[in-house]
Amino acid sequence: MTNYFSHGRVRNTYHSKVTFSDNKPFGCPKCGRCFTVKGNMTRHYKYECGQAPRFQCPYCEFRSKQTSNVMSHIRTRHPGQEVYVVHLKYEDK
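Read in order, the letters of the sequence shown are residues 1 to 93 in the UniProt record's numbering.
Keep in mind that the hints are not guaranteed to be accurate.
Said to hold, decoys possible - Quick list of in silico lysine-lysine cross-link-like pairs, DSBU-like style, CA-CA up to 35 Å:
1) Lys89 x Lys38
2) Lys46 x Lys65
3) Lys38 x Lys65
4) Lys89 x Lys30
5) Lys65 x Lys89
6) Lys30 x Lys65
7) Lys65 x Lys24
8) Lys46 x Lys89
9) Lys30 x Lys46
10) Lys38 x Lys24
11) Lys89 x Lys24
12) Lys46 x Lys24
Stated by the list, open to error - Derived Cβ-Cβ restraints for the label pairs, each shown as a range:
13) Tyr90 x Tyr59: 16 to 24 Å
14) Pro53 x Gln81: 18 to 26 Å
15) Val86 x Cys49: 17 to 25 Å
16) Gly32 x Tyr90: 19 to 27 Å
17) Gly80 x Ser21: 18 to 26 Å
18) His78 x Ser21: 31 to 39 Å
Please keep in mind that the hints were generated in silico from the structure rather than gathered at the bench. A quick note: this is a predicted structure, and the numbers were derived from the prediction, not measured. Cβ coordinates follow ideal geometry from the N, Cα and C atoms, glycine included.
I would like the entire structure built from these sequences, with the hints used as guidance.
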C-alpha cells in the first residue's frame with residue numbers, strides 16, 4: 001500500500017494532458033521540433049523557426065521571439081520600470 005496524501009483534488013485537465021504528454025505528433029517541417037498542439041507548431045513555424053528575435057527590451061539589448069519573455073525579463077531585471085515591448089522590424093531578404 002502506498003502512502004499518498006494530497007491537499008487538493010488532482011484534476012485530469014486538458015492542460016495537464018498536453019503539458020506532460022510524451023506524445024508530440026506535430027513536427028516543424030523546417031527544424032523537426034515537435035509539439036503536442038498543432039497551433040503551437042504553426043506559430044513556431046510561421047514566426048519563430050529560423051527567424052531573428054522580433055521583440056526587444058526597451059531598457060537593454062535583451063531580445064526574444066515572444067513578447068511574454070521580454071515582459072517577464074523587464075519585471076525581473078528592470079523592476080519599477082514601465083513594462084512594454086519594442087517590436088523590431090526587419091527588411092525581407
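* **35 Å Cα cutoff - pair Lys46, Lys89** => holds (15 Å)
* To do: Given the hint that Lys30 pairs with Lys65, test it: the Cα-Cα distance must not exceed 35 Å.
  => holds (17 Å)
* **Supplied distance hint 16 to 24 Å, evaluated on CB atoms of Tyr90 and Tyr59** => holds (21 Å)
* Take a look at whether the Cβ-Cβ distance between Gly80 and Ser21 falls inside 18 to 26 Å. => violated (39 Å)
* Hint consistency between Lys38 and Lys24 [alpha-carbon to alpha-carbon, up to 35 Å] -> holds (9 Å)
* Hey, Lys65 versus Lys89, does the alpha-carbon distance stay inside 35 Å? -> holds (12 Å)
* Asked: Given the hint that Lys65 pairs with Lys24, does the C-alpha gap stay at or below 35 Å?
  -> Answer holds: Lys65 to Lys24 is near 22 Å, not above 35 Å.
* Between Lys89 and Lys30, does the CA-CA distance stay at or below 35 Å? -> holds (22 Å)
* Given the hint that Lys30 pairs with Lys46, test it: the Cα-Cα distance must not exceed 35 Å. => Between Lys30 and Lys46 the Cα gap is close to 10 Å, so the pair holds against 35 Å.
* Compare the distance between the alpha carbons of Lys46 and Lys65 with 35 Å, and conclude whether the hinted pair is satisfied. => Holds: Lys46 and Lys65 sit about 11 Å apart, inside 35 Å.
* **Range agreement (Cβ of Cys49 with Cβ of Val86, hint 17 to 25 Å)** => holds (22 Å)
* Asked: Taking only the CA atoms, is the gap from Lys89 to Lys24 under or equal to 35 Å?
  -> Distance of about 32 Å is within 35 Å: holds.
Checked against the numbered hints given earlier, this structure breaks only hint 17.
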